[in-house]
Every structure is written in C-alpha cells, then in structure tokens.
Amino acid sequence: MALAQLNYIIGDFDGNLSKITAAVADASSSGAELVIFSELSICGYPPLDLLERKEFIHTCGQSIEKLATLVDPATGVLVGGPEFNPNKDGKLLFNSAFFLHEGKVKQVFRKSLLPTYDIFDEYRYFEPNREFHILEFKNRKLAVTICEDLWDEQPFDNEFSRSRLYTSNPLEELSVFEPDVIINIAASPFSHRKMEVKQSIFTGKAKRYKLPVLYCNQVGAHTELIFEGGSLAIHSSGRVAAKLPYFREDILICDLDELTESEPHPSPGVIPGRIGTMADALICGIKDYFGKLGFRTATLGLSGGIDSAVTLALAAEALGPANLHVLLLPSQYSSDHSVNDSVQMAENLGIKYDILPIEALFNEFRETLQALFKDMPEDIAEENIQARIRGTLLMALSNKFGNILLNTSNKSETAVGYGTLYGDMSGGLSVLGDVYKTDVYLLALYLNQEQEVIPANIISKPPSAELKPDQKDSDSLPPYDVLDQILEAYIERQLPVEKLEALGFDPKLVSRVIKLVNMNEYKRYQTPPILRVSSKAFGIGRRLPLVARY
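In our numbering, the protein residues as written are 1 to 550.
Please note: incorrect hints may appear among the correct ones.
[Claimed, not checked] Taking lysine to any residue and the SDA-like style, the derived pairs with C-alpha atoms no more than 20 Å apart in a straight line are:
#1 66 <-> 119
#2 19 <-> 380
#3 523 <-> 380
#4 19 <-> 61
#5 19 <-> 59
#6 461 <-> 482
#7 468 <-> 421
#8 194 <-> 119
#9 352 <-> 366
[What the hints assert, rightly or not] Quick list of simulated restraints, FRET-style, between CB atoms:
#10 548 <-> 360: 26 to 36 Å
#11 88 <-> 508: 58 to 68 Å
#12 380 <-> 335: 16 to 26 Å
#13 396 <-> 253: 51 to 61 Å
#14 452 <-> 365: 36 to 46 Å
#15 274 <-> 381: 36 to 46 Å
#16 336 <-> 366: 38 to 48 Å
To be clear, the hints were calculated from the coordinates, so they are not data collected in a lab. Computed from a prediction, not measured in an experiment: that's the story for all the values here. Glycine residues also receive a C-beta, built at the ideal position from the N, C-alpha and C atoms.
Start from the sequences and build out the full structure, keeping to the hints where you can.
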C-alpha cells in the first residue's frame, strides 16, 4: 500500500488531478496495489463555502470519475472528495472517500464525526455518516475512516471541552467486521503543541485494536491553515514503523504483512523540536500563500526590532532573498543602532533595501493638524501618525511593484492591542500573528544556529516601538515572559480569572491584561490573515462578538 502525501490547491481540479494521477503511476510502478490520498484531496481542504456551489460539487464528481479512467485499472485508489447526499433528509453533502478500481468508483465511505469547533465547521456543510461498511480488497479487510473519525477521544487542554466529543465511535462500529488494517485519510492542520498528541492518538488506536494504522495527511498551506503532512504507518503493536517528512510532498510504500509481524522494525517516530517545526511551518505558510496566489515578491518594513527581523529571515527562506524588498523608515525617534542593525541584516541576506526617513512627512502632518490640536500635548495620536505614514509608504511600494506586504506583528502585541490600525497592522499576510513574543526570540536564536542572519544586537536590545523619545515596550506592557504566560492561559487554555490568579499571577495584572485583550477585539477584526501555528489563533478559529458587555 502507498500513502501519497501531496500539496493541493483548493479548486485547482486539473492540477490536483495531475498530481494524483502521477502519484498513482509512481506508487504502482514501485509495487503498490492500493494508493491512498488525503481527505477531500480532489478539491483540496478546506474548500469552505465553495461547498455550497453545486457546480463545484459536480466538478469534484467529474474529476473523480475521470481519475478512475486515467490510472492503471489494476491499481486501487482511495481519494477524498465531497459527495451529494442521496437521501432527501439531512445536509446536502457527505465528506467521503471514494475507492476506485477497474476504471470506476467501486465503493464510497463517508465521514461520521464532523468537527465543528475552533477552525473546523464541517457540520455547516456535511451530513454525518451513520452506516458502516468495510473495504475488501486483495483478500484484506480495510477499515476506512476520515480524519476526525479517529479523534473520538481528544485530550483538549482548556476549560470548556470534554475528552469525548461524540457519542458515536466509528472504529467500534467497524471492528465488528474484523478488519485487517485501519486507514485514516486526513487534512489535519499543524499546531506546534499538537504533534505528540496527534501521533499518540494513532499509536493508541493501533494498540487498542491490535491493528496496523495507515494515516495519510495533507501537506502544505491554505491561507491561515498549515498542514504538516507527517503521514504514518503504525505497527499493530503501536510502534511507528514508517513516517513521511514534515512540510514536503512524498510517497510511502508499506507492506501490510510487515505491519503485523511480531517483531516490528525500529521506530522512526521521533518528533522534531517545537521551535524548529514552528519555523518550518511558517516558511511553508509564506511559500504556499504566495505561490498559490500567483505572487513571487514581498515587501516589509525593517525597523531594527526582533519581529521584523524574524519575519524577514523566514520570508527569505520561503521566497528567496531576490524576491524581497525592504524599506527602512526611520523617524527622529529611531536610534542609530536600529538603522544600522537593519542595514546589516539586509546585507547579511543579500536583500534589496531602501532608506526613506519619515521625519519631514511627520512634521507636515503635525503642521497640518496644529490648528485642531492647539494647546494639546502630544500623545498616542502623534505616535500613531508615524506608524500610519510607514504603512502608507509600504503599501505604495506594494501597489507600485505588485508585491504583498508582510505584516510583522506578533501574537502578544495583537492580543493586547499594542499596534496601530492602518499602520503597523497593515499587510496581506501576518507571519507572526500566532507567535508570542517569547517564541519570537526563540525563533531568532533558531534561525541564527548556522550563521548570524539576525544581528545579535537586535536580539539582545530591549524591544521598543520608537514612536517617542526613549520609549520601551516595558513602559506600556508587563515583561513578555510574564505577559505571554497569562495570554497563553487565557487565550489557548481559556482559564477564568480565578484560575489565573491561582497560578500565582498578580490579580491586578491579570485584570489589566484581560481588559486589554477584551477591549481590543475591534483591532483583531481588521488584521490580515494570520498563519496558524497554535491551538487557538486569532482569526477563523476564535470567534467573539465585537459589541458585547461581557
């Protein structure tokens, strides 16, 4: 059997079909009798409200039928796609796996457990399966499941969840058929704290049912969501027998007999470090966002701070230095070392840069507003003018040269509103919007492992917005190592105030941080798409009312 871990483009039926056909030919030439693809592979996951367009569903069906005629009829193919519900009641669609053999669709298997939490909204579109059957192929019984069907027990780490989300257990239903192997086709997105959990779920199922598990995951990124791949072949003992790499396409050929031998091969199931996989995920997210949209070049503002430096280093890895153009936009409050550090970093990477001082523009704004601001002290209004001047210049460069502006705000700042709408919050993609400040520093150290890409002074100096004399982030915010712990507990784990205080945080500080988070929801409504690397990112997975009194 073969697991084909591919990177699809949503709605690119010709491209996806070509990839799948080539993978079948490749795998079958290596001896595979059955080639397995990921969830909704024919159209890419997640298609969102494209699923509400009948012509989209019809094209999915036509592509699957065409695929059956294109591949070797002797080779079995398991491919994911939406299916019209033949029943008059219920949702219009099923999320299905189609078994192709001998030039046609032989069997269809439907997803039972439909995740409707965080980033998932599958019950919006799909009807849950309630009828179970087995795939018999080459004298084997195959239990075909789709993603969440194996996630009936979830070790969530927050206050408002259960370990069992569903009353149904698809594997229990399928076990009565006495299958020889469990197959799971999936589109399971990346989270830097979910890697061990994900692998343990599949190894746990293998141990519990004493069956090998074949897990085929999608790889690549679609807007905010990043899929790491990491497809698995798991021995019936629960040991990982083989594993595909993270963040790249590949095919795994495995012998089912070897997955049931009494002595499994040594396990290659080691999970790489958290910060390294986070960096790889962000690079994948940038690369696919640009590539799948048809863009090659990016712009960003390089301030001399840690956030823009890390964003630039990641973008250089994803897009190549020749496809980047950075602006240095110093004001009268910018330190010499910020400019010098920025120049050094751009030169370290061989990236084109230009220096456009904004002091004259800022003074013109102040002069224009002088009559209205008469006798009023300078405050955040003047600070934000500087950020908006920078945003305007960066967007002008983006428009003129057809670049995408990369936003450089981190999750800590986004959480507490430490950013300027239409200024430093501008951009077409937020690279670090799901990365806390403390992890930004760890990313910088990781990216500097082989050579000093990011100047040491950028990493060591106190962070500052440099919008007024001698400004430091610590003037407005608590230390990031404390702030980030509170934010992670409140946002990811959704702990209430009393539990945050019980963890030892100062009650006044907890109240202040939570107030800042809640009162800045309006800013987060206007952020660019944020690459998701945590279990609870701002954006589609965190939906809160903008106008509320809670």
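Results for each hint:
1. Taken as a hint, the residue 66 and residue 119 pair is broken in the structure, with Cα atoms around 32 Å apart against an allowance of 20 Å.
2. A threshold of 20 Å between alpha carbons decides the hint, and for residue 19 with residue 380 the separation of about 53 Å lies outside it, so the pair is violated.
3. Our distance criterion of 20 Å between C-alpha atoms is met by residue 523 and residue 380, whose separation comes to about 16 Å.
4. In summary, the hint linking residue 19 to residue 61 is supported, as the alpha carbons are separated by about 17 Å, within the 20 Å threshold.
5. Of the supplied pair hints, the one linking residue 19 and residue 59 holds, its CA atoms being roughly 17 Å apart against a limit of 20 Å.
6. For a cut-off of 20 Å, the pair hint linking residue 461 to residue 482 stands: about 18 Å separates their Cα positions.
7. About 18 Å separates the Cα atoms of residue 468 and residue 421, which keeps this hinted pair within 20 Å; it holds.
8. Distance check on the hinted pair: residue 194 and residue 119 sit about 14 Å apart at the alpha-carbon level, within 20 Å; holds.
9. Using a Cα cut-off of 20 Å, the hinted pair residue 352 and residue 366 is violated, with the two alpha carbons roughly 31 Å apart.
10. Residue 548 and residue 360 have their C-beta atoms about 43 Å apart, which leaves the hinted 26 to 36 Å range violated.
11. About 60 Å separates the C-beta atoms of residue 88 and residue 508, a value consistent with the hinted range of 58 to 68 Å.
12. For residue 380 and residue 335, the hinted distance range of 16 to 26 Å is satisfied, since their beta carbons lie about 20 Å from each other.
13. Roughly 52 Å separates the CB atoms of residue 396 and residue 253, a value that falls within the hinted 51 to 61 Å.
14. Taking the beta carbon of each, residue 452 and residue 365 are about 37 Å apart, inside 36 to 46 Å as hinted.
15. The beta-carbon spacing between residue 274 and residue 381, approximately 40 Å, falls within the hinted interval of 36 to 46 Å.
16. For residue 336 paired with residue 366, a C-beta distance near 23 Å fails the hint of 38 to 48 Å.
In terms of the numbered hints stated before, the structure departs from hints 1, 2, 9, 10, 16, listed from lowest to highest.
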